[in-house]
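Participant: Between the sequences and the hints, there should be enough to build the whole structure, so can you do that?
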Amino acid sequence: MASELETSSVELNGFSSRVWKKGEGPKLGFLAGFGGLPRWIPFLDALARERTVIVPSLPGFPGGERGHTVLDSHLDWVLTVRQLLQKAGLDGADLAGSSVGGSFAAEIAAIWPGSVGRLALIAPWGLFDEKEPMTDPWAQRAPDVPALLCADPERWNELKAEPEGANSPEWPIEQTRANEAAARAFWPLGNTRLEKRLPLIIASTLLIWGAEDRIMPRSYADRFAAAIAGKTRIATIPGAGHLAELDQPNEVAATILRWMKEDS
Amino acid sequence: MVSLRPLNMPSLWEKRAMKLMWFHLMPYTELPDDFRDKHPSVWVDIHSSLFDPRRAHHIYNDFMDELEFAAECGFDAVCVNEHHSNGYGLMPSPNLIASALARRTTDTALCVMGNSLALYNPPTRVAEEFAMIDVISGGRLIAGFPVGTPMDTCFAYGQNPSMLRDRYYEAHDLVLRAWTETDTFAFNGRFNQQRYVNIWPRPVQKPHPPIWIPGGGSIETWRWCAEMDHVYAYLSYFGYQAGQATMDGFWAEMDRLGKDRNPYRAGFLQFVGVAESREEAYRLYSEPAEYFYGRCLHVDPRFANAPGYTSEATQRAGVVGQVAQVARMRRFDTLAREMDAIVEKGYVIIGSPDEVAARLKEVATNLNVGHMMLLMQFGNMDKDLAKYNTQLFAERVMPQLTDTFAEWEDRWWPQPMKRDARAPLIPFQLAAMAAQ
Numbered sequence: 001m002a003s004e005l006e007t008s009s010v011e012l013n014g015f016s017s018r019v020w021k022k023g024e025g026p027k028l029g030f031l032a033g034f035g036g037l038p039r040w041i042p043f044l045d046a047l048a049r050e051r052t053v054i055v056p057s058l059p060g061f062p063g064g065e066r067g068h069t070v071l072d073s074h075l076d077w078v079l080t081v082r083q084l085l086q087k088a089g090l091d092g093a094d095l096a097g098s099s100v101g102g103s104f105a106a107e108i109a110a111i112w113p114g115s116v117g118r119l120a121l122i123a124p125w126g127l128f129d130e131k132e133p134m135t136d137p138w139a140q141r142a143p144d145v146p147a148l149l150c151a152d153p154e155r156w157n158e159l160k161a162e163p164e165g166a167n168s169p170e171w172p173i174e175q176t177r178a179n180e181a182a183a184r185a186f187w188p189l190g191n192t193r194l195e196k197r198l199p200l201i202i203a204s205t206l207l208i209w210g211a212e213d214r215i216m217p218r219s220y221a222d223r224f225a226a227a228i229a230g231k232t233r234i235a236t237i238p239g240a241g242h243l244a245e246l247d248q249p250n251e252v253a254a255t256i257l258r259w260m261k262e263d264s
Numbered sequence: 265m266v267s268l269r270p271l272n273m274p275s276l277w278e279k280r281a282m283k284l285m286w287f288h289l290m291p292y293t294e295l296p297d298d299f300r301d302k303h304p305s306v307w308v309d310i311h312s313s314l315f316d317p318r319r320a321h322h323i324y325n326d327f328m329d330e331l332e333f334a335a336e337c338g339f340d341a342v343c344v345n346e347h348h349s350n351g352y353g354l355m356p357s358p359n360l361i362a363s364a365l366a367r368r369t370t371d372t373a374l375c376v377m378g379n380s381l382a383l384y385n386p387p388t389r390v391a392e393e394f395a396m397i398d399v400i401s402g403g404r405l406i407a408g409f410p411v412g413t414p415m416d417t418c419f420a421y422g423q424n425p426s427m428l429r430d431r432y433y434e435a436h437d438l439v440l441r442a443w444t445e446t447d448t449f450a451f452n453g454r455f456n457q458q459r460y461v462n463i464w465p466r467p468v469q470k471p472h473p474p475i476w477i478p479g480g481g482s483i484e485t486w487r488w489c490a491e492m493d494h495v496y497a498y499l500s501y502f503g504y505q506a507g508q509a510t511m512d513g514f515w516a517e518m519d520r521l522g523k524d525r526n527p528y529r530a531g532f533l534q535f536v537g538v539a540e541s542r543e544e545a546y547r548l549y550s551e552p553a554e555y556f557y558g559r560c561l562h563v564d565p566r567f568a569n570a571p572g573y574t575s576e577a578t579q580r581a582g583v584v585g586q587v588a589q590v591a592r593m594r595r596f597d598t599l600a601r602e603m604d605a606i607v608e609k610g611y612v613i614i615g616s617p618d619e620v621a622a623r624l625k626e627v628a629t630n631l632n633v634g635h636m637m638l639l640m641q642f643g644n645m646d647k648d649l650a651k652y653n654t655q656l657f658a659e660r661v662m663p664q665l666t667d668t669f670a671e672w673e674d675r676w677w678p679q680p681m682k683r684d685a686r687a688p689l690i691p692f693q694l695a696a697m698a699a700q
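Quick mapping for you: the protein sequence lines, in order, are chains D and R.
Okay, so the first sequence: first residue is 1 according to the working numbering, each after it adds one.
Okay, so the second sequence: first residue is 265 according to the working numbering, each after it adds one.
Keep in mind the hints are simulated off the structure, nothing from the lab.
In this text, all values refer to a predicted model and were calculated from it rather than measured experimentally.
Built from N, CA and C at the ideal position, the CB exists for glycine as well.
Hints are not guaranteed to be accurate.
DEER-style ranges, computed between Cβ atoms [stated by the list, open to error]:
| no. | chain 1 | residue 1 | chain 2 | residue 2 | range |
| --- | --- | --- | --- | --- | --- |
| 1 | D | R193 | R | L314 | 32 to 42 Å |
| 2 | D | G14 | R | T446 | 29 to 39 Å |
| 3 | R | R368 | D | D222 | 42 to 52 Å |
| 4 | D | L79 | R | M593 | 56 to 66 Å |
| 5 | D | N167 | R | M593 | 42 to 52 Å |
| 6 | R | A450 | D | P199 | 50 to 60 Å |
| 7 | D | D222 | R | D597 | 43 to 53 Å |
| 8 | D | D222 | R | D316 | 42 to 52 Å |
| 9 | R | E608 | D | D129 | 30 to 40 Å |
| 10 | D | D222 | R | M593 | 37 to 47 Å |
| 11 | R | T446 | D | S8 | 50 to 60 Å |
So, partial list: chain D residues that the calculated Cβ filter (under 8 Å) puts toward chain R [what the hints assert, rightly or not]:
| no. | residue |
| --- | --- |
| 12 | R141 |
| 13 | P169 |
| 14 | W171 |
| 15 | A183 |
| 16 | R184 |
| 17 | W187 |
| 18 | N191 |
Facilitator: What follows is the structure, encoded as structure tokens:
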């Protein structure tokens, strides 16, 4: 039986970041994707059945206050994410990340190879291929966004729905802030030149791609796999979009847990 | 025939009344009739096949003729602005046009409205180019510093929306120091580092050319303008009715900050079409107005905003940018595209000279705006009609507005060199004849 959800916070550059913790067993960190996590999601429960899941909020994303506003360079970002993981107790642990969070997880594994166990990346950002460009996630009409991010648009709508009775301008502002924080780190192409650093990753790496990802072309999975120095495997999840963990929480969690067991 | 300003006329620079400024957007005039149906956006990804450079050769030259004509007619200033990848604004570099105008006008202020500071690397480029225009023109420059729209800055120019404003403020401080510090200095900014800042040339106007800030309705911008003592200009395409709330907000904020209600703290954009009668004006200006509101404002809503472009304080206040407003108007079907509604909503003021004068006086008074920036060429209006509009306004409307706000001092108007100290500009034709 998994433990109850614990919420704490750590301080980074004068801003607070929320840290969620649930489950038992070896630690597994998760860095959320585009839009962040304004609420707990079933995917995390599925992971917590076998692992102690620790979910720190990236600066500027829900739970991360306005921490992005002091990060002016990519070096600022990666140093802050590194400190966040350390303060959340994830140094040396297995690490998973989705889209934006997946990109930072890869950075950490590349720059501080000893700080990450195994790596599970769900459609990570950070690369750009002119022949097959990543979809612009920001220049979109609001009604088109849910179907771009999830195979089932309702999954995104559920994540972003204002809690009943909240009725505050702060909720939509927080969601816009998450988009801004992603823009601050990845504008305009999503390309942080992570490709240069992929050969530094020696961790075993699982690449998960939603079969219906409408943001990151599937070919990017192969580019990641080819460049990463560690052992890699690619898993495609049917019925999942860019944020595969929202569309298919059980399948994505099971894929990660199964692979981590096989790899050990 | 238009009455050109006689050379012995008293200088405009001592004028103590509402300023009438002639503003050009330089719209491409050949967008097809089915533009709105066939093309997603006039801005950012407008298709290159719509642009005919040979036609644009004539468009530019016609537009520059119009600006020069407006100066000859006695408008206090001619105004140009900056847009990128834009089918209704053909001036990625307004400085090029202003520079040409500096050589073809003599007594008219040159209002560049303006240069989007965060787009220039290093921003001292703006300090240099504006100083050049100020020196060439003998001190006639008004220096506009817009943040720039999301379409221009974030999408067309790839600037990071989350850092744009901080970069803009820093660039503003750098340009001001570059204009005013006498010794070479090192600039150690958050975004810009320069070991040797020392621009040549230096502006004629001291301590620097007047600075005007085109902005939306954000309280932060109003406060900043008040703190810096810059002019705030509300450049809306939706006329005096829609502008009232914004200008009321601006003046309420000035009251709170203990600033006087000097109308020259503010500028306001208004479309105007004048003719012998209201019926005639309606007939003449319907097509260009409908072209502008129907085709030129056709911006894909996906470019209306970029995350971080609008500050959280502004989001809380519920203020939205102009193109986001259009998106909202479209959604609720309240954007006027037919002439009846365009006129009724006050986007364009039309009428006989007396009607236009009365309405403009009322607008200036109600909005308390001493710098009236008039769009008298709009949409696909041709040169003949633009000149007719301009000349009739100069001859029959302008004289009726000479006493408005005469009791206030305009501390934000250029202070050029005295006329007899400035280089005489020989008219082009004479120079050509002399050369033969």
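Participant: Run every hint past the structure and note whether it holds.
Facilitator: Each hint tested on the structure:
Taking 32 to 42 Å as the suggested C-beta distance range, the pair D/R193 and R/L314 conforms, at roughly 35 Å. Taking 29 to 39 Å as the suggested C-beta distance range, the pair D/G14 and R/T446 conforms, at roughly 38 Å. A hinted range of 42 to 52 Å for the beta carbons of R/R368 and D/D222 is inconsistent with their spacing of about 60 Å. About 45 Å separates the C-beta atoms of D/L79 and R/M593, a value inconsistent with the hinted range of 56 to 66 Å.
Restraint check, D/N167 to R/M593: a C-beta distance of roughly 26 Å breaks the suggested window 42 to 52 Å. The beta-carbon spacing between R/A450 and D/P199, approximately 39 Å, falls outside the hinted interval of 50 to 60 Å. Taken as a hint, the range 43 to 53 Å holds for the pair D/D222 and R/D597, whose Cβ atoms sit roughly 47 Å apart. In this structure the supplied range 42 to 52 Å holds for D/D222 paired with R/D316, their Cβ-Cβ distance being about 43 Å.
Range check, R/E608 to D/D129: about 52 Å between beta-carbon atoms, so the 30 to 40 Å window is missed. Checking the proposed 37 to 47 Å range against D/D222 and R/M593 shows it holds: the Cβ atoms sit about 46 Å from each other. In this structure the hint that R/T446 and D/S8 lie 50 to 60 Å apart at CB holds, the actual value being about 55 Å. Nearest Cβ of chain R to the Cβ of D/R141: about 5 Å, under the 8 Å cut. The hint holds.
For D/P169, the shortest C-beta to C-beta distance to chain R is roughly 6 Å, which falls under 8 Å, so the interface hint holds. The beta carbon of D/W171 is not positioned within 8 Å of any beta carbon in chain R (closest approach about 12 Å), and the interface hint is therefore violated. Taking 8 Å as the C-beta contact cut-off toward chain R, the hint placing D/A183 at the interface holds, the least distance being around 5 Å. Among the interface hints, the one on D/R184 holds; its C-beta lies about 4 Å from the nearest C-beta in chain R, closer than the 8 Å criterion.
The restraint placing D/W187 at the interface with chain R holds, with a minimum CB-CB distance near 5 Å, inside the 8 Å limit. The interface hint given for D/N191 is violated, since its Cβ lies 11 Å from the closest Cβ of chain R, which is over the 8 Å cut-off.
Consistency note: the structure conflicts with the earlier hints numbered 3, 4, 5, 6, 9, 14 and 18.
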